[in-house]
Amino acid sequence: VAASIEDELERYRARLFGYGLSLTGNREEAGDLLQECAVRALSARSVPDGEPARRAWLFRILRNAWIDQHRRRRVVELVELDEGRCDDHVLWSGERGIIDAIAVRQALARLPVAYREIVSLVDLVGFSYSEAAELVGVPIGTVMSRLSRARKALLKDIGSARDR
Amino acid sequence: MANRRFSFEELNAYVDGEADAALAAEIAAAAASDRRAAEEIAAIAQLKAVSRTALEQVSAAPPPIAARAKRPPLLRTAAARLGALAASLLLVALLAAAGLRLLQPADQAQAWLSTGALHYQHWRDDQGRQAPTRFDGHNDGWAEASVAGTLGYVPDLSAARMQLAHVAVVSEAGGDNLFVGYVGRNGCRLGLWIGAAPEGLPEDLVVRDQANGETAATWRVGGTAYAAIARDMDEERFQAVVGYLHVTTRRAPREETVRMAGSRAGGGAPCLLS
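From first to last, the protein sequence lines are chains E and U.
Terminal number for the first sequence in the numbering used here: 164, no gaps in between.
Terminal number for the second sequence in the numbering used here: 438, no gaps in between.
For reference, chain E alone in the conformation it holds in the complex:
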């Protein structure tokens, strides 16, 4: 089993690291989370069967490691997204232009972590809404709401950057 966990870790290494980046916003801390995740996974006494369950399990381990790290540092984390950043009136309409990756990367960095996390889980990791909801421990409706608000904020942010 341990050898296959190594294979799974290697297979998801980039996406685990990317998810860690979305949680921490910092490559060094994301790297630490990845190592902590690997240590915990390799020392686990029981491992879920099947690929989807094992993938969810690995991401849950990384998320728990992040939560533990936060508890130690006692960092105040406030997650609500300002209504003004995602109202309907400023929705970027795709105005005959290309959304470029640099603008999205910068806009993602400005999102509160709870929203960036959902975008990362759905768009990078490829989780379904229900898988993301189970991992984060919220109802599916909350995942839909956060994803919707995050994308509105991203589109607004990108639109504002284009206007500057």
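Honestly, the hints are just simulated from the structure, not real lab data.
Any given hint might turn out to be false.
[As the list claims (entries may be wrong)] Partial selection, computed: residues in chain E whose CB lies under 7 angstroms from chain U: (1) Phe17; (2) Leu21; (3) Gly31; (4) Ala38; (5) Pro48; (6) Trp57; (7) Ile61; (8) Ile99; (9) Asp123; (10) Ser148; (11) Arg151.
[Stated by the list, open to error] Residues of chain U placed beyond 12 angstroms of chain E at every Cβ, according to the derived structure: (12) Glu190; (13) Asp290; (14) Ala307; (15) Asp368; (16) Val371; (17) Thr388; (18) Glu399; (19) Val411.
[Unchecked claim] Covered by chain U, according to a simulated footprint, are these stretches of chain E (three or more residues, beta-carbon under 8 angstroms): (20) 8-15; (21) 100-112.
Backbone N, C-alpha and C define an ideal beta-carbon position, used for all residues, glycine too.
Got chain E sorted already, so can you dock chain U onto it with the hints?
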């Protein structure tokens, strides 16, 4: 039905393949005749694709996984464990001794300031953080803030037109430190780093230009060290705000200091709203 407006959540679910069959068919039919719906779907789809690309780019070249299932054999005897423990303690003692010799007081002050500057950069780059759950201004220049369930007092800069935006307790640099973030009306961001005074930090205000374009001012009140850190803030404005902080942290603010700090709020070059 033709005029039905779909919510943004529904359109997201459609693009993500999470809409049920009936809703997906309804949206697909509407997109054929409703230009706004079609544009929104296109924007979401493009954003989703580019978000994935952007996230893949930033997570490229992840560090290799150091842990391996096959670990070195465990030490088997108590003697071996004691030997390893003794060697570790000796190494720690040697490193500590070397560190004490090498780290001069000025270095300690700079190291403490650098830690604060890192937290400032982290906070400054993360504009999503909002104000603490509660705080109340006080006439004596201090605000009550709730941090991780604990009430505490931090300098109130509303007189200098800067709002308290973020408070965090940070356990680093050998003890607990407090990081307080303020945001001005033009988007200026100022961080106040508070902790146990490192050896060699003078009581007087010392303004230091940091290597990455930030300006920092440090001072000490008894055993407590303060560092104000900002970037892209007008120099006069920074000095006025820091002067006010310097006074506030020593005693009740004088009227003229409050006025001075506040009067410069609209002057000078605005901060960049990155």
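Against the structure, the hints come out as follows:
At about 3 angstroms, the closest approach between the beta carbon of E/Phe17 and any beta carbon in chain U falls short of 7 angstroms, and the interface hint on this residue holds. Checking E/Leu21 against chain U by beta carbon gives a least distance of about 6 angstroms; that is within 7 angstroms, so the hint holds. For E/Gly31, the shortest C-beta to C-beta distance to chain U is roughly 4 angstroms, which falls under 7 angstroms, so the interface hint holds. A least Cβ separation of about 4 angstroms between E/Ala38 and chain U falls short of the 7 angstroms threshold, and the interface hint therefore holds.
Because the beta carbon of E/Pro48 sits about 17 angstroms from the nearest beta carbon in chain U, more than 7 angstroms, this interface hint is broken. Interface hint status for E/Trp57: violated, as the beta-carbon distance to the closest one in chain U is roughly 16 angstroms, over 7 angstroms. Nearest Cβ of chain U to the Cβ of E/Ile61: about 12 angstroms, over the 7 angstroms cut. The hint is violated. For E/Ile99, the shortest C-beta to C-beta distance to chain U is roughly 5 angstroms, which falls under 7 angstroms, so the interface hint holds.
Restraint check, E/Asp123 versus chain U: the minimum CB separation of about 4 angstroms is within 7 angstroms; hint holds. Hint on E/Ser148 holds. Least Cβ distance to chain U is approximately 4 angstroms, under the 7 angstroms limit. With a cut of 7 angstroms, the hint placing E/Arg151 at the interface with chain U holds, because the nearest CB-to-CB distance is about 6 angstroms. Against the 12 angstroms criterion, U/Glu190 stays outside the reach of chain E, whose nearest CB is about 17 angstroms from its own CB.
Its closest Cβ contact with chain E, about 6 angstroms, brings U/Asp290 to no more than 12 angstroms, contrary to its assignment away from the interface. Under the 12 angstroms C-beta cut-off, the non-interface status given to U/Ala307 relative to chain E holds; the minimum distance is some 15 angstroms. Every CB of chain E lies more than 12 angstroms from the CB of U/Asp368, the least distance being 31 angstroms, so the non-interface label holds. Every CB of chain E lies more than 12 angstroms from the CB of U/Val371, the least distance being 28 angstroms, so the non-interface label holds.
Residue placement check: U/Thr388 keeps its beta carbon more than 12 angstroms from all beta carbons of chain E (closest about 19 angstroms). The non-interface label for U/Glu399 is consistent with chain E: the shortest C-beta to C-beta separation is roughly 25 angstroms, beyond 12 angstroms. Annotated as non-interface, U/Val411 keeps its C-beta farther than 12 angstroms from every C-beta of chain E; the closest such distance is 27 angstroms. Three residues within the 8 angstroms Cβ limit are the bar, and the segment 8-15 of chain E against chain U gives 5, so the coverage statement holds.
Taking a C-beta to C-beta cut-off of 8 angstroms, the segment 100-112 of chain E contributes 10 residues in contact with chain U, enough for the three needed, and the coverage statement holds.
In summary, the structure is inconsistent with hints 5, 6, 7, 13 from the numbered list given earlier, while agreeing with the others.
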